[in-house]
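Read off the chains here:
2 protein chains.
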Amino acid sequence: MKKIINQTDDIIEEMLRGLSASYPGLVHRIEDSRVIAKNENKKQVALVSGGGSGHEPSHAGFVGDGMLSAAVAGDVFTSPTPDQIQIAMQEADQGEGVLLIVKNYTGDNLNFEMAQEMAEMDDIQSKIVVVDDDIAVEDSEFTAGKRGVAGTVLVHKILGNAARSGASLDELKQLGDDVVKKIKTIGLALHAATVPEVGKPGFELAEDEIEYGVGIHGEAGYRREKLQPSKDLAKELVSKILSDYDKQPQKMGVLVNGMGGTPLMEQFIFMNDVLNLLKEQNIEVTFHKVGNYMTSLDMKGVSLTLIDLEDETIKEALESEVTTISW
Amino acid sequence: MKKIINQTDDIIEEMLRGLSASYPGLVHRIEDSRVIAKNENKKQVALVSGGGSGHEPSHAGFVGDGMLSAAVAGDVFTSPTPDQIQIAMQEADQGEGVLLIVKNYTGDNLNFEMAQEMAEMDDIQSKIVVVDDDIAVEDSEFTAGKRGVAGTVLVHKILGNAARSGASLDELKQLGDDVVKKIKTIGLALHAATVPEVGKPGFELAEDEIEYGVGIHGEAGYRREKLQPSKDLAKELVSKILSDYDKQPQKMGVLVNGMGGTPLMEQFIFMNDVLNLLKEQNIEVTFHKVGNYMTSLDMKGVSLTLIDLEDETIKEALESEVTTISW
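The listed protein sequences derive, respectively, from chains A and B.
Under UniProt numbering, the first residue of the first sequence carries the number 1, and numbering increases by one thereafter.
Under UniProt numbering, the first residue of the second sequence carries the number 1, and numbering increases by one thereafter.
Since the hints were made in silico from the structure, they are not lab data.
Where hints are given, some of them may not hold.
Identical chains blur together in the list; that is why a pair holds if it fits in one copy or across any two.
Stated by the list, open to error - In silico SDA-like cross-links for lysine to any residue, where the CA-CA straight-line distance does not exceed 25 Å: (1) 173 <-> 24; (2) 42 <-> 127; (3) 200 <-> 41; (4) 2 <-> 91; (5) 289 <-> 10; (6) 43 <-> 65; (7) 315 <-> 245; (8) 231 <-> 220.
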């Protein structure tokens with residue numbers, strides 16, 4: 001295993017130190033915790049998210065005005081503990097309640113729910129929005145139902161904008177549940193990630209092989225086959241996602257997300273193919289985003305997220321100004 | 001070779017299409033060219049940069065208000081041709097002249113100078129600032145003297161701010177030459193990049209081996225050795241860079257740059273080690289940046305750039321607001 005690290009036990013601690021020291025004007029770390037919080041808190045419902053580490057810039061990169069109030073980092077590919085989530089909630093709460101945005105994994109669901117109960121004893125009201133945008137497979141290694149992946153970043157943005165505009169906790173919960181239904185994602189991998197503590201890739205693909213539908217922790221996808229040209233990869237993902245909508249939206253947003261080891265050059269080529277296919281379907285793309293947003297350590301691959309943007313206010317929320325490290 | 005591409009001949013064309021289609025509100029592509037230009041041109045000296053492709057988001061990602069007016073993309077690791085550079089200059093010029101920011105490679109120097117002569121026939125005044133921040137080696141595979149690498153992005157930012165503020169062509173040339181002297185970079189590689197047309201990694205490193213001083217086209221560095229902990233890698237680069245300054249600056253900026261295949265997690269850990277070392281030296285770090293800015297396709301590795309920020313106006317220039325895809 002070749003990684004720029006020191007001791008594997010110190011990875012999260014040192015990463016959080018490096019991150020918080022690099023953006024002192026924007027965020028700070030709650031001392032002795034796994035929590036990154038924004039410096040300026042306005043009176044609004046607080047948004048807290050988090051999950052296992054290894055998906056950087058998720059979630060700390062999305063802490064800031066117009067997005068998250070705080071983010072909690074677990075160990076690599078491991079849910080943060082309830083006490084750490086509670087610290088984030090205590091820090092973030094401005095008396096208006098806390099909305100928790102959770103990717104749909106069994107461990108995360110349990111720990112965020114437990115944190116919610118603990119926070120209730122602090123008189124912090126909260127609700128949970130569970131993101132399950134990954135339509136590749138039903139039920140998976142760490143998940144009942146669908147997994148939560150890159151679409152989560154769009155949920156951060158849309159709810160962050162609403163929270164800043166004064167939406168109540170109930171309104172945010174409703175909006176979140178509605179928005180999650182509009183978002184669908186599938187990923188594909190060319191090469192698996194290596195978890196530092198394990199020291200070797202999570203799965204093996206042959207020299208000319210890819211896997212469709214791999215999860216962001218290397219969970220199994222739905223098909224392996226020989227590597228195809230980008231336009232054929234795009235065709236597979238676009239058609240699978242579009243056919244999952246009850247009614248094909250006429251206006252959509254596109255997020256092409258790099259998995260950590262995939263150069264931007266390839267992400268732009270893939271985006272070009274995706275846009276050509278959507279044009280053929282007469283779908284107007286009114287929002288675009290390309291880059292590494294929800295990674296899987298050094299995995300090579302991309303995910304494609306589509307979001308129904310027929311509701312113009314959702315598009316405006318995605319386009320609103322934010323002050324974060326990574327949006 | 002596993003890459004998300006179609007035909008290797010179409011890589012640059014499709015990348016530029018994907019990029020320009022993804023940010024229509026910010027930049028556009030000059031038809032039938034390799035040029036990405038900003039949508040809104042104000043009356044100011046225009047800044048044009050470019051170079052071989054494979055370093056994304058450089059340079060198109062830095063086109064926008066407060067940075068570059070236009071960027072020209074060559075083939076992978078190959079200088080753009082003079083006629084393409086000329087197109088960028090024609091598009092960018094607002095009658096105040098064009099400053100060309102060129103990384104120090106023989107091909108780039110030749111082609112940008114030729115473009116300069118061609119533009120002169122169009123009555124476009126221009127000057128060139130050559131960036132040679134890579135102190136790892138003197139003379140290299142494609143370079144006489146030192147190579148130009150990640151520090152170029154800081155030059156874009158500092159000169160972009162000055163140009164927007166109304167600096168003249170002569171003033172920008174002077175400022176550029178001064179600033180370049182303040183910036184020093186060294187990279188290291190864990191794994192070489194694979195040029196699509198070649199199909200295999202540019203060099204081979206053993207399972208436990210790294211190379212210090214590798215260039216962004218895989219040019220040889222100055223030493224190979226076994227992979228060390230991040231803090232030892234940081235120590236090597238920090239001490240080598242600091243000792244290259246005639247007088248050690250008391251205030252500095254730090255750019256930790258990922259080479260394309262290196263996760264952000266590792267970049268933050270490396271940044272943490274760099275900051276610890278600078279603190280030991282009583283150097284105050286007043287500007288930080290971490291991420292993939294000057295990549296080398298899918299190379300695994302990082303580069304460290306330090307900039308002397310004792311002149312407060314340089315720090316302010318780095319912190320000024322910009323509207324670009326990738327700053």
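Structure-based check of each hint:
Taking the closest pair of Cα atoms, residue 173 and residue 24 never come within 25 Å of each other, the shortest separation being 31 Å inside a single copy and 32 Å across copies. Taking identical chains as interchangeable, the C-alpha atoms of residue 42 and residue 127 lie at most 25 Å apart only when both belong to the same chain, with a minimum of 19 Å there against 48 Å between chains. In this assembly of identical chains, residue 200 and residue 41 lie within 25 Å of each other by CA distance neither inside one copy nor across copies; the values are 42 Å within and 50 Å between. In this homomeric assembly, residue 2 and residue 91 never come within 25 Å of each other (Cα to Cα): the closest approach is 37 Å inside a single copy and 45 Å across copies.
When the C-alpha separation of residue 289 and residue 10 is checked against a cutoff of 25 Å, the pair qualifies only between copies, where the shortest distance is 22 Å, while the shortest distance within a copy is 33 Å. In this assembly of identical chains, residue 43 and residue 65 lie within 25 Å of each other by CA distance solely inside one copy; the values are 12 Å within and 32 Å between copies. Proximity of residue 315 and residue 245 under a CA criterion of 25 Å is satisfied intra-copy only: 18 Å inside one chain copy versus 49 Å between copies. In the homo-oligomer, the alpha carbons of residue 231 and residue 220 lie at most 25 Å apart inside one protomer (23 Å), although the nearest pairing across protomers, at 35 Å, exceeds that limit.
Hint check: violations occur at hints 1, 3 and 4; the rest are consistent with the structure.
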